[in-house]
Amino acid sequence: MAGFEAAIAERDAVLCGPFRAPKQMLADQEYDGHTSIHDNATAQKLGFKGATIEGPTHFSQFAPLGFALWGERWLTHGCISAHYRTPVYEGEQVQAFMRKPAGPGIQSEIWMLRANGDEILRGTASVGPDFPPSALEQRLSTLARLADPVILADVKVGMRSARTPVRMDLEQHMGALYPFSLAQKLKRITEPCTFYSSSDHVWGRPILPMEMISVLMQYSARDNSFKTRGPAVGLFADQEIRLIEGPVLAGEPYDIEREVIALTGSRRTESVWVRSTLYAAGTDVKVAAMLLNLATMKETYAPYAAEHASLYGPA
Numbered sequence: 001m002a003g004f005e006a007a008i009a010e011r012d013a014v015l016c017g018p019f020r021a022p023k024q025m026l027a028d029q030e031y032d033g034h035t036s037i038h039d040n041a042t043a044q045k046l047g048f049k050g051a052t053i054e055g056p057t058h059f060s061q062f063a064p065l066g067f068a069l070w071g072e073r074w075l076t077h078g079c080i081s082a083h084y085r086t087p088v089y090e091g092e093q094v095q096a097f098m099r100k101p102a103g104p105g106i107q108s109e110i111w112m113l114r115a116n117g118d119e120i121l122r123g124t125a126s127v128g129p130d131f132p133p134s135a136l137e138q139r140l141s142t143l144a145r146l147a148d149p150v151i152l153a154d155v156k157v158g159m160r161s162a163r164t165p166v167r168m169d170l171e172q173h174m175g176a177l178y179p180f181s182l183a184q185k186l187k188r189i190t191e192p193c194t195f196y197s198s199s200d201h202v203w204g205r206p207i208l209p210m211e212m213i214s215v216l217m218q219y220s221a222r223d224n225s226f227k228t229r230g231p232a233v234g235l236f237a238d239q240e241i242r243l244i245e246g247p248v249l250a251g252e253p254y255d256i257e258r259e260v261i262a263l264t265g266s267r268r269t270e271s272v273w274v275r276s277t278l279y280a281a282g283t284d285v286k287v288a289a290m291l292l293n294l295a296t297m298k299e300t301y302a303p304y305a306a307e308h309a310s311l312y313g314p315a
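Take the sequence shown: its position 192, counted from the start at 1, is 192 in our numbering, and no numbers get skipped.
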């Protein structure tokens, strides 16, 4: 059967892939007229040692493990749900782990470690169609809701975007947010797979890796996004990608709709949680969904203190 090239080891009912060094492809990313945390200078101003690797890049390293556990079901009804804990920088090596579920289980604990043992992310992998509660569904139920929003003052839970057509062709440049094409990504992806590069399989055209489903889900986000105050710098803090009636195919037309499902916060951040749903074009058939916590750093929004005082009075 066609599949992945990665050599998988097993120890104490835990699958692990090889160490990989993900490639940085967002150095030229722009949004709201400024560079992002994936730019060296911007990242260093915020206390990071350099430009960070985008979180969903790491999802590719879990794909061979999910395929080893669940076969083609992983490609049609797989789900990764993860909380990002520590950034990764280009040149660093990381390794993915997936605990085998007992019996015919449909959910597994996942985590990723740097070579020195630092934990990069932790969450769950599962297969549907009857998905158990994911790591992020459980996490979101425990988080305090955002009080006194400033950057997100104009965003409300329940807001929805208009449904928008999207697609991803092999050579299509994905815009300022993602300044590369699917073809360019496949040359640098950590886990090559014949399903990604060939049409010689049951689905008749290449399927998108999970990390590129993230790109597709965000492709038109700036055109019909929810109005946040800025410019300010944000990062992905939590992310889940779920295949409902997958796989997602290259060159296939889809529609996307977004909904704000929660607002949370911390001492340094304001977070908007958005669920994006991908539909077969012109239908109500759900193909995939993404849950994303975009956390914006308060310190990067210059008038934060003044606007907070204006909205809520002196601290």
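Please keep in mind that the hints were generated in silico from the structure rather than gathered at the bench.
Misleading hints may appear alongside valid ones.
Straight-line alpha carbon distances no greater than 30 Å define the calculated DSBU-like cross-link-like pairs of lysine-lysine that follow [as the list claims (entries may be wrong)]: (1) Lys100 - Lys227; (2) Lys298 - Lys156; (3) Lys23 - Lys298; (4) Lys156 - Lys100; (5) Lys23 - Lys100; (6) Lys156 - Lys23; (7) Lys187 - Lys23.
Distance ranges between label pairs, derived from CB positions [unchecked claim]: (8) Ala309 - Arg268: 16 to 26 Å; (9) Pro18 - Glu119: 16 to 26 Å; (10) Gln184 - Arg114: 41 to 51 Å.
Just so it is clear, CB atoms sit at the ideal spot from N, CA and C, and this is done for glycine as well.
So, going through the hints one by one against the coordinates:
Among the hinted pairs, Lys100 with Lys227 is inconsistent with the structure: their alpha-carbon atoms are about 42 Å apart, more than 30 Å. Distance restraint check for Lys298 and Lys156: the Cα-Cα separation of roughly 18 Å lies within the 30 Å cut-off, and the hinted pair is therefore satisfied. Restraint check for Lys23 and Lys298: satisfied, since their Cα atoms lie roughly 28 Å apart, inside the 30 Å limit. About 39 Å separates the Cα atoms of Lys156 and Lys100, which puts this hinted pair outside 30 Å; it is violated.
For the hint linking Lys23 to Lys100, the alpha-carbon distance of about 28 Å falls within 30 Å, and the restraint holds. A hinted pair counts as satisfied when its Cα atoms are at most 30 Å apart, and Lys156 with Lys23 does not qualify at roughly 36 Å. With a C-alpha separation of about 10 Å, the suggested pairing of Lys187 with Lys23 holds against the 30 Å cut-off. Taking the beta carbon of each, Ala309 and Arg268 are about 18 Å apart, inside 16 to 26 Å as hinted.
For the pair Pro18 and Glu119, the supplied restraint of 16 to 26 Å holds, since their beta-carbon distance comes to about 18 Å. The hinted range of 41 to 51 Å is not satisfied by Gln184 and Arg114, whose Cβ atoms lie roughly 26 Å apart.
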